[in-house]
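Make a model of the complete structure from these sequences and hints.
Number of protein chains: 2
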Amino acid sequence: MPRVARARVSMVSSIHPMATKDEIKYYASLKQKKAREESGLFIAEGRKIVAEGLKSPCECARLFVKAGTPKSDPDVASLLEGWSYETLGELDFDRISDTENSQGVIGIFDYRKLIIQKPTADRLIALFDLADPRNMGTITRTCDWFGIKELLIGETCVDLFNPKTIRSTMGSIFHTRFILSKNLVDELGRYRETYKIVTADVAGTDYRAFDYSGKGIYVFSNEARGPSDGILAATDEVVTIPGGGKAESLNVASAASIIVARIFG
Amino acid sequence: MPRVARARVSMVSSIHPMATKDEIKYYASLKQKKAREESGLFIAEGRKIVAEGLKSPCECARLFVKAGTPKSDPDVASLLEGWSYETLGELDFDRISDTENSQGVIGIFDYRKLIIQKPTADRLIALFDLADPRNMGTITRTCDWFGIKELLIGETCVDLFNPKTIRSTMGSIFHTRFILSKNLVDELGRYRETYKIVTADVAGTDYRAFDYSGKGIYVFSNEARGPSDGILAATDEVVTIPGGGKAESLNVASAASIIVARIFG
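Heads up: the protein sequence lines correspond to chains A and B, in order. Everything in the first sequence is counted per my numbering, starting at 979 for the first residue and increasing by one. Everything in the second sequence is counted per my numbering, starting at 979 for the first residue and increasing by one.
Just so you know, these hints were derived from the structure itself, not from any lab.
Any copy, or any two copies together, can satisfy a pair, since identical chains are not distinguished.
Heads up, simulated DSSO-like pairs for lysine-lysine below, C-alpha to C-alpha not over 27 Å straight-line: (1) LYS1224 / LYS1174; (2) LYS1096 / LYS1127; (3) LYS1009 / LYS1142; (4) LYS1224 / LYS1026; (5) LYS1127 / LYS1224; (6) LYS1026 / LYS1142; (7) LYS1033 / LYS1224; (8) LYS1193 / LYS1224; (9) LYS1091 / LYS1009; (10) LYS1224 / LYS1091; (11) LYS1142 / LYS1224.
The following block contains the structure:
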């Protein structure tokens, strides 16, 4: 298993030993949840996201640049400056990459510094049974925009460190701290002593009339099925976004954006 | 070119002639913008979306069900009842399908009844240079939720009838009317006589302080580049969603959701 090492070096642009074929294969395997869980490593792709990762407390195990990426481009140059990176041929790079528009930069990061064991913020977002990695990433980005720093991720959600989630966060993954729940219903039950548990669903209080002051955990649920009976039983208040049009529902990331924005006025 | 015909029949479940190999190939070609533009046809996939299509004024050219889809399932049965459909083998179905989870139902619809030539509503959303079909679809769905019935689509946006856009609308494509702009900047300039043109961007009026009464066109722009100088020149007021966190920007569908929700209070 490759060693994870903080690779900041000064004025040396490439001192890392070349990645072997086996290492490339190993890093490509980080597209799978199992390999991520075993190692604590994940793939961050794209200039903005990698730049945020390098500024974060997360260890960077490896930094890859695709052959042909213009290293004299000011964005790329400032990203790579002071870091040890390796240029990979197109074939090797694309094995690790998950996108057609990777912008030629991939970082392999350790996510463990992003994980916390219990809530410390006054307001958190909790996600129950989310299936679409893009929704999860977009919600993380919206939370980061408004300054919500902690997310509680239910055990049946799509994996947070899925490359598609990471890309949708646009770097916000590195600004946020996550509690990876083992049993969201139980945990909400416990946190209820200190937090008001507020769940978005049909047929609740109009979200515009709700009082967002005080400590709260705001729960958003599966795209098709909504909150479970268990989640509703652990809920102090249900909030609803009234519509008036003909759509049957809102996208969960849209609903979360509307309510998170409202928390701030 | 296959004939487009309204195929509602009573109590007859399958009278359509079997699709030939050439027809399957033709319908699969509707994944490409060029083929859609030439024919006015597009692919709608998934039970909910097809059901909304069949309720809409759009002509349904063909209705395909994947072999093995349980036609006794109440959802599928009520969807197909009274319509002429054809069961396709997995291979043929998958050639037309764009998704791994198609739910076994595809409708080929004519989009021309969804197109209008100029705005008639009091409030519209305009999209400038949007690149991600999912963002476009999600914005359409949010608009439909809040009862915004008309969208103005800039000429450099990703194609509205892209299968990924359609899927993200979750059927709202059929509830909405679209003006397909040939020159968005010019058109906004003309509509400005009757509508206030309001563009979301950094550094404008706080969206919470803005007065949304009266006729307005609300413009949302490219995910990375934002509004162009031309768009800003055609703008009466810029509105901004203040953050306070560390994200550099909001996802455009999230921003649109927040502002559209605010239009309604």
